[in-house]
Amino acid sequence: MSFMRSMRALFWRLSAFFRKQQRDAEFAAELESHLQFHIEDNLRAGMSPEAARREALLKLGGFEQTKKNYRDRRGLPELEALFQDLRFGFRMLLKSPGSTAAVVIALALGIGASTAMFTVVRSVLLRPLPFKDPARLVRLYEHSADDKFPYNQVASGVFKAWKNESHGFSDLAIVSLGAEYNLSGQSGQLPEKVRAAECSWSLFPTLGVEPALGRTFTPSDDQPSANGTVVLSWALWKRRFGGDSSILNQKIRLDAKSYAVIGIMPSWFTYPEQRVQLWTPVYHEQSAKDMEVLDSHDFLAIGRLKPGVTEAQATAELSVIVRRLHDQHLDDPFVSKAANSLPLLDDVVGDIKTSLYVLLAATLCVLLIACLDVASLLVARGAARRKELAIRSALGGSRWRLLSEHLVESLLLSAAGGGLGLLLAYAALQWFVATRQDISRIEAIDMDAIVAAFILGLVLLSALVAGIASSVKISGDQVLSALQESSRSHSAGLERVRLRKGLLAMEVGLTVMLLIGAGLLLKSYGQLRSSSLGCVTDNVLTMRFSLPEEKYAQPSQRVSFFESLLERVRALPGIQSAALVRAVPGQGYAGDSGFWIAEHPPLPQGQGQYALARWADPGYFAALGIPLLRGQTFDEKARLDSPLQVIISESFARQYFPGEDPIGKHLLTIGRRPFQIVGVVGDTRFTIAEAARPMMYFPIYTSLYGNVPNEATLAIRSSRDVTSFAVPGQKLVEQLDPELAVSDVLTMDQLIGKSTLDASFDATLLLAFAVLSLLLASVGLFGVLSYIVAQRTPEIGIRLALGAQRGQLLRLTLVDGLKPAVAGLVLGLAGAAVATRMLSSLLYGVQPLDATVFAGVPILLLAVVGIACLLPAWRASRVDPVIALRYE
Amino acid sequence: MPPKAEVLQGTLDLLVLKTLDTLGPMHGFGIAQRIQQVSQDLLCLNQGTLYPALLRLEQRGWISSKWGVSDNNRNAKFYSLTRRGRKQLREEAEGWNQMAAVINRVLKATS
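In the order they appear, the protein sequences are chains A and S.
Heads up, the first sequence is in numbering that gives the first Met the number 0, so the first residue is 0 and it goes up one at a time.
Heads up, the second sequence is in numbering that gives the first Met the number 0, so the first residue is 0 and it goes up one at a time.
Derived by calculation from the structure, the hints in this document are not laboratory data.
By construction, the Cβ of each residue, glycine as well, lies at the ideal position given by its N, Cα and C atoms.
Among these hints, one or two may not hold up.
Result set (DSBU-like, lysine-lysine): computed pairs, CA atoms no more than 35 Å apart in a straight line [stated by the list, open to error]:
{"hint": "1", "chain 1": "A", "residue 1": "LYS288", "chain 2": "S", "residue 2": "LYS17"}
{"hint": "2", "chain 1": "A", "residue 1": "LYS58", "chain 2": "S", "residue 2": "LYS17"}
{"hint": "3", "chain 1": "S", "residue 1": "LYS17", "chain 2": "A", "residue 2": "LYS66"}
{"hint": "4", "chain 1": "A", "residue 1": "LYS66", "chain 2": "S", "residue 2": "LYS107"}
{"hint": "5", "chain 1": "S", "residue 1": "LYS107", "chain 2": "A", "residue 2": "LYS58"}
{"hint": "6", "chain 1": "A", "residue 1": "LYS19", "chain 2": "S", "residue 2": "LYS107"}
{"hint": "7", "chain 1": "S", "residue 1": "LYS76", "chain 2": "A", "residue 2": "LYS66"}
{"hint": "8", "chain 1": "A", "residue 1": "LYS147", "chain 2": "A", "residue 2": "LYS522"}
Sample of chain S residues facing chain A (criterion: CB under 10 Å; computed from the structure) [as the list claims (entries may be wrong)]:
{"hint": "9", "residue": "ALA31"}
{"hint": "10", "residue": "CYS43"}
{"hint": "11", "residue": "SER64"}
{"hint": "12", "residue": "SER69"}
{"hint": "13", "residue": "ARG73"}
{"hint": "14", "residue": "LYS76"}
{"hint": "15", "residue": "ALA92"}
{"hint": "16", "residue": "TRP95"}
{"hint": "17", "residue": "GLN97"}
{"hint": "18", "residue": "ALA99"}
{"hint": "19", "residue": "ALA100"}
{"hint": "20", "residue": "ASN103"}
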C-alpha cells in the first residue's frame, strides 16, 4: 500500500517535472482565482475595493514562497539540478569544441578497437569449442623418427593400431585432410568443386555433435562394401539445394558416383576446416589397403579421453604402440617412433593465436593512450577552472554540487565516446569477419555485451577518477591557497603540470612500442613480398581440377584429356604459354616422396631421405620461366609406359649430388622404380614464407602411382591482363567435360596475396594502431603545451619586458614540451626491446631488435612531436608584453 | 479575539477530506473558508499550507481536481473526494476519534 502510494507520488512528480512550465502556469492561475475569491468576499463584507485587495494579499502571505513550497512538493528538485548540470556540462564542452572532439574521438577509437579485438580473442581463443565436454577432446599426432616433426599427421595404419589397442579413449576418429569432390550439377546447375572431409563414422560421436536433419554415419556406412553416403554442411545445403529437406535420402553425384544424402549438419558446425562443405565415410572412400599404411602421414586423428584418464597417460600409451610399430619396421625410415597430443582448442586456433594476442596488446595500448588523453584533458580543464571553483566554493556552493558538475561533465564525454566506440566496434567486427574468413572459429564471433560493458566501465572509471582528482583539490583549506595562487599566478598548479607531463611521457612510451612493433611487421611483410618464388608471377593465371577416378579409369583417357586441354588453351589468342603441374610454386606443400639414389651406397637402416614431388608437362618449366640449368626437359613424346624420367631442382642436386653430375643418374622412388635424371631446374618455393626445398618433377603423361595422375593445376601465362582468360579457360574445360568443375581460379599474385594475408593483415592493423596512437600522443602534447603557454603568458610578458630574447623563449618552451617526450621515448625503447620478443614468431627475415626500425622510430617520433610542440612554442615567443601584463 | 489555533500535525488532511465530503466538489478558497467558518475563525489556513496539502492528497489519489466554473462565474480548480479518499477519511476519522477518546480519558484520570 505505502509502496503503491510512493510510486504514484513519484509518477506524479515525474510527470510534473516534464510538464514544468504548464504546471507553473496552472498553479499561478489557481492562486489568482483564490485571490479573486477573497477580494470578492471582502467586497461583499463591505470593504472598499483597495482595502479588499490589500487585505486579501496580506492574508495570502508570501506569493513566491508559496510557489516554491508548492514546487518543492510537486517536482524533483534533485533531478532539476542534475539537468542544470547537464546543460552546464554541455555548454562547457561546446565552449572548447576542439579538445572535446579530440577526447571523444580518442575514446571512441580506443573503446571501438579494443572492444572489437577483445571480442575476437574471447570468441576465438577463450570460449570453449562448441562440442560436448570439449576439455576432454585432444588432437593426436605422430612424432617422426628423425625428430624433425614432433607434431606430424597420422598414418592410417598407425591409427588402426591405436584404435584396436589403446584404452585411454572413449572414442577415436580419423579424418583425411584436403579431400575434394566434383559435385555434379543437377537440372542445369554448373558443376562445382567442393572441399570435403573423409572421416570415420566415429567423428560425430567423438565430438558429440548431432545433425540438424537426418542422421550421421553408422559403422555399416563406413566400410568399402557400403553404398555411398554423404552428410552435407548447412551452408552447402542452403546454397546448393535451397534448404529443401526433401534432399534427404536423395542421391547426388560426387566425382561421377552416386551418394545418398543422409544428414545435414547444423550451421555452426565446420570441422576440421572452415571450408569443409560435406563429409563422406573414409573407410568407404579409401581402399582397405590405403587404410593400413604405416609411413604415409595423411590423416588427422582426434580422441575423446575417458573420464579419469589424463592426456599424458593416454598419449603415453599411444606412444608405446607407435614405438612397437617402429621397431617392427626398422627398414622403413618413415614409420614414426612416438605419439604426441594437443588439446583440441589449441590445435584449432594454434596458427592465429600469436597474431591475435599481439593485436590485442596493441589495442590495449591504444585504449590506455586514449584513457591517458582523456585524463590529461580533464586535469587541464580542472586546472583552468580552479579559480572559478574556488570562488564558488568560497561563496557557499555546496561541495557535492561542484563535484557532481565535474562528474556530469566526465560522464557526458564518456557517454559520447562510448556510444561512438560501440558503433565503431560493431563496424570493425563486421569487417574483421568478412576479411578473415580463413580463421577457424571466425563464425563464433559476435558482439560481446560483457566485453563492451567491461571496456566502457574501464573508460568511465578513468574519466571519473580524472574528474574527481581534479575537483577534489578544491575542497578544504585549499580554497584559500587556490585563490591566492591564481590571484596573480605565473606558473599555476605546478603539481598539476607535473602530473600531466607524467601522463604524456607514458603516452609517448606506449606509442614508441606500437610504432616499433608495426615497423618490424611491415619490414617483415616487405621482405616476404619481395622474396621470389623462383618463377614468373606476373600475369599468370592458375586453376585446379581433378578428373574423377571412375570416369577416367584408363590412363589413356587422362592423357588425352590433358593433351586436348593444353592444345585448346594454347590455341586461345593472346596466350603466351600454358602448362599443367601438380602444384605451382606458392600453392602449397602438395606432397613428397621418399627416394634412394641407385648409384650411391645404400643408406644405413632406419635412415631415409625425401623430397617434394611434382608432376608436370614437358613445357612447364619454359612456361613459368623456371630456368633449366642442366640437361633437358622431359621427352615430348613420352607417354604412359615410356622410360621413367625425373628432373630435380638445384637444391636437390646440391644436397644429394655434391660435386657430382646428376644427369644420367637414377632415383629409386614411387615403388622403388628407377627414374633417370634428365635435367636440373632452378629452385622454386612451395610457400612464399619458406626457403626452397629439394624437389623432383615427374612427367604428367606417364604412369606414376599405378596410373597417370588425375589432378592438376592449369597455369596460363599471357603478356596482357591474364584475368580475362579465366572465363574462356573454364569454358574450354566445360567443353571437354561438362561435369568437371575447376576451383581456385587465381592469378599468381592473388595466390601470394592469400598466403601473405596473415602478415599483411597484422602489419596493416598494427600500423593503423601505431599511427592512431602517434596522433593521440601528439594531440595530447600539443594540448598540454598550449595550456602551459597560456598559463605562463603573464610570466612570459614579464620576462620579455625585462629583456628576454624571443629565441630564448622559443627554446625554453620547446624544451619544456620535448622533455616528457624524450623521457617517454627512452621508456618506450626499453619496453619495445622486451616486448618485441613476443613478435619473433610472426617475423620473416627480420630480427626483433632490427636496427633500422629501432633507429627510425625515434626519428619519426621526435619529428612529429617536435611539430606538435612548435606551434605553442612559437606562440609563446610572439607574446606582446603589454597585453600579457594586462592579461589578468 | 481568541488566539488562532495551530493546525495539528497530520490533521490538516483529515480536515480537508472531511470538508470535501460534506460540501462535495470545492475550490481551494472555498475549502479554506469553510474550515475557517466551521472552526468559528479559530483555524485560519494560510494558502502556503493549504495548496501543498491539496497537491499531496492528489498525489496520493485521495482527491482529484478539475477546472470548472464557480457560482459567481469565476474559473477555479475544483477538488473532489475519490473513492479511495472516502475510505481514507473513514479510517482517519476513526483513528482520530480513538485518539481523542484516549487523550480525554488520560486527562480525566490525572485531574
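Now for the hints, and whether the structure bears them out:
Restraint check for LYS288 (chain A) and LYS17 (chain S): not satisfied, since their Cα atoms lie roughly 104 Å apart, outside the 35 Å limit. Taking the CA atoms of LYS58 (chain A) and LYS17 (chain S), the gap is about 23 Å. The hint holds against a cut of 35 Å. Our distance criterion of 35 Å between C-alpha atoms is met by LYS17 (chain S) and LYS66 (chain A), whose separation comes to about 26 Å. The suggested pairing of LYS66 (chain A) with LYS107 (chain S) is violated, with an alpha-carbon distance near 44 Å, which exceeds 35 Å.
Restraint check for LYS107 (chain S) and LYS58 (chain A): not satisfied, since their Cα atoms lie roughly 38 Å apart, outside the 35 Å limit. Between LYS19 (chain A) and LYS107 (chain S), the direct Cα distance comes to roughly 52 Å. Violation of the 35 Å bound is thereby established for this hinted pair. The hinted pair formed by LYS76 (chain S) and LYS66 (chain A) meets the criterion: a straight-line CA distance of about 16 Å does not exceed 35 Å. Between LYS147 (chain A) and LYS522 (chain A), the direct Cα distance comes to roughly 29 Å. Compliance with the 35 Å bound is thereby established for this hinted pair.
At about 8 Å, the closest approach between the beta carbon of ALA31 (chain S) and any beta carbon in chain A falls short of 10 Å, and the interface hint on this residue holds. The restraint placing CYS43 (chain S) at the interface with chain A holds, with a minimum CB-CB distance near 8 Å, inside the 10 Å limit. Taking 10 Å as the C-beta cut-off, the interface hint given for SER64 (chain S) holds, the closest approach to chain A being about 9 Å. Hint status for SER69 (chain S) relative to chain A: holds, with the closest Cβ pair at about 8 Å, below 10 Å.
For ARG73 (chain S), the suggested interface contact is upheld, since its CB lies about 6 Å from the closest CB of chain A, less than 10 Å. At its closest, the beta carbon of LYS76 (chain S) sits 5 Å from a beta carbon of chain A; the interface hint therefore holds under the 10 Å criterion. Annotation: ALA92 (chain S) was flagged as interfacial toward chain A, and the flag is violated, the nearest CB pair being 18 Å apart, outside 10 Å. With its C-beta approaching chain A no nearer than about 20 Å, TRP95 (chain S) sits outside the 10 Å limit, and its interface hint is violated.
For GLN97 (chain S), the interface hint is violated, since its Cβ never comes within 10 Å of a Cβ in chain A; the closest pair sits about 20 Å apart. Checking ALA99 (chain S) against chain A: minimum C-beta separation of about 25 Å lies over 10 Å; hint violated. This hint is violated: ALA100 (chain S) has a C-beta 26 Å from the nearest C-beta of chain A, more than the 10 Å allowed. Taken as an interface hint, ASN103 (chain S) does not check out: its beta carbon lies about 30 Å from the nearest beta carbon of chain A, beyond 10 Å.
Consistency note: the structure conflicts with the earlier hints numbered 1, 4, 5, 6, 15, 16, 17, 18, 19 and 20.
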